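Kindly generate the complete structure, drawing on both the sequences and the hints.
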Amino acid sequence: MIQTKLILVDGITGSGKSTRVQDKCPFCSGKANISQLDEKFPYKIKCYNGCGTIRSDKLDYSADITELRLKWIIAYNKNLNFNDIMNCINSDILNELFSEHELILKTVTGFSLTDPEIENAGGCDSLDPLYLIKSGEDKYSLRLYDSRRDPSSIMAELFCLDTLIENNIPVGETITDSKGNKLHLIEDTGRYCVMRRWIDGKPLYNALKTNNPDDLAEMLGDLMAKMHKISEELILSDDLSVEKRDFSYYESLFNEYKQYEFDSDDQKNSFIRSGEEFLKMLAENGHDQSSYGIIHGDITFRNLLYHDSKLIPIDFMSVRHDHFLTDIVQLFHCDLTEENREAFWNSYKKIRPIPDNWQILLPVFLSARAAGLSKVRTFL
471 MIQTKLILVD
481 GITGSGKSTR
491 VQDKCPFCSG
501 KANISQLDEK
511 FPYKIKCYNG
521 CGTIRSDKLD
531 YSADITELRL
541 KWIIAYNKNL
551 NFNDIMNCIN
561 SDILNELFSE
571 HELILKTVTG
581 FSLTDPEIEN
591 AGGCDSLDPL
601 YLIKSGEDKY
611 SLRLYDSRRD
621 PSSIMAELFC
631 LDTLIENNIP
641 VGETITDSKG
651 NKLHLIEDTG
661 RYCVMRRWID
671 GKPLYNALKT
681 NNPDDLAEML
691 GDLMAKMHKI
701 SEELILSDDL
711 SVEKRDFSYY
721 ESLFNEYKQY
731 EFDSDDQKNS
741 FIRSGEEFLK
751 MLAENGHDQS
761 SYGIIHGDIT
771 FRNLLYHDSK
781 LIPIDFMSVR
791 HDHFLTDIVQ
801 LFHCDLTEEN
811 REAFWNSYKK
821 IRPIPDNWQI
831 LLPVFLSARA
841 AGLSKVRTFL
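Residues in the sequence shown are numbered from 471 upward in steps of one, following my numbering.
Read the hints as simulated data drawn from the structure, not as lab findings. From a predicted model like this one, the values you see are computed outputs, not experimental measurements. Each hint should be verified, as a subset may be incorrect.
Only pairs whose alpha carbons sit at most 27 Å apart, straight line, appear in this in silico DSSO-like list of lysine-lysine [as the list claims (entries may be wrong)]: (1) 649 / 609; (2) 672 / 780; (3) 780 / 679; (4) 820 / 696; (5) 576 / 609; (6) 819 / 699; (7) 604 / 780; (8) 672 / 604; (9) 516 / 604; (10) 672 / 609; (11) 652 / 604; (12) 604 / 576; (13) 699 / 604; (14) 494 / 516; (15) 652 / 679; (16) 649 / 576; (17) 672 / 696; (18) 780 / 750; (19) 696 / 714; (20) 501 / 516; (21) 728 / 750; (22) 501 / 672; (23) 699 / 672; (24) 728 / 738; (25) 728 / 714.
This is the structure we're talking about:
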């Protein structure tokens, strides 16, 4: 029998100024911290009684829906875009919510597991939600892909992960379904899913509390250099596809985005200035093919786990062919402070030589990343 636990992790966070509203969760009546934000869905509800952290448009659902259905809605808040569901109590969208849950139950039956339990494990506003599957003492992750995802790109993602495993990089092993397939097609849906062994660990940003930042930076440099070195020798077969980003890609993207409306002239001018400098430097110094390969694409402290003194990369859905500096700039811009970057580089170059032109390109990459962050999240 398949059991379903309605559990939330890594809840949704709001932004902007907030005002404390009340201390009672509108869903379970338990203790909660509720803040009001000046946004379309203004209430941020952090429940300490198991509901998790969600966003909502109102604070009283008791008159509209039963407690049982409320708990189901809470669970679905992690599986579908919360903006689409929290204002739709007693509407047809509820039927979609229950259909999504039934789809997960149906999916798990395609794998030879004993008495599986399903928990939500992330992806509140993602088209590719993640689930934790427990079967006895074993734990697995199940990624449900959007129907628009090209199966060849998913298989390329799996190929990269399997190659990392072969080279002793600790990522979860892919589990085949009952028919021996790594990529499981859910009948009558056009959607695919992948099951992998669950990797225990805590996000790297939590490990900072108990570990020396320079030590972690050295581990990061070692891990990223090994991944890039493996990528240099990685050859994808014709039936596998990944997005390729080169000079022409960035030039086209820049010309498109500079036509967008910005919050201010200063912001637009900063973006254009940084973008033009980035393209100029990339054209002059970015043609070294040894600096390109398959990259993770979203290396941050949230996508790195720390367990048993090891770093474990997760969430490879942004895998693509790109300049290796793009991986490093993502990490530097989001998480790794300037004080710890020397330790990173010292460790990186022990595994993989650093090209001379990276000294020229790095500040330009960082500048373009910073200037484009608020408007162009896919530029770098």
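* For the pair supplied as a hint, residue 672 and residue 780, confirm whether the alpha-carbon distance does not exceed 27 Å. => 11 Å, holds
* **residue 576 paired with residue 609 [C-alpha distance capped at 27 Å]** => Satisfied, since the Cα-Cα distance of roughly 18 Å is no more than 27 Å.
* To do: Assess, step by step, whether the Cα of residue 819 is no farther than 27 Å from the Cα of residue 699, and give holds or violated.
  => 11 Å, holds
* To do: Take the C-alpha atoms of residue 516 and residue 604, compute the straight-line distance between them, and say whether it is at most 27 Å.
  => Within the cut-off at roughly 26 Å; holds.
* Asked: Is the Cα-Cα distance between residue 699 and residue 672 27 Å or less?
  -> 26 Å, holds
* Take a quick look at whether residue 494 and residue 516 sit within 27 Å of each other, Cα to Cα. => Holds. Residue 494 to residue 516 sits at ~10 Å (cutoff 27 Å).
* To do: Mind checking the alpha carbons of residue 728 and residue 750 for me, to see if they're no more than 27 Å apart?
  => Distance ~16 Å between residue 728 and residue 750 Cα, so the pair holds.
* To do: Assess, step by step, whether the Cα of residue 501 is no farther than 27 Å from the Cα of residue 672, and give holds or violated.
  => 26 Å, holds
* Below or equal to 27 Å on CA atoms is what counts here, so check residue 649 against residue 609. => 20 Å, holds
* Hinted pair residue 728 and residue 738, Cα distance within 27 Å -> 7 Å, holds
* Hint consistency between residue 649 and residue 576 [alpha-carbon to alpha-carbon, up to 27 Å] -> 15 Å, holds
* Verify the proposed pairing of residue 780 with residue 679, using a straight-line Cα cut of 27 Å. => Holds. Residue 780 to residue 679 sits at ~16 Å (cutoff 27 Å).
The earlier numbered hints that this structure contradicts are 13, 15, 18.
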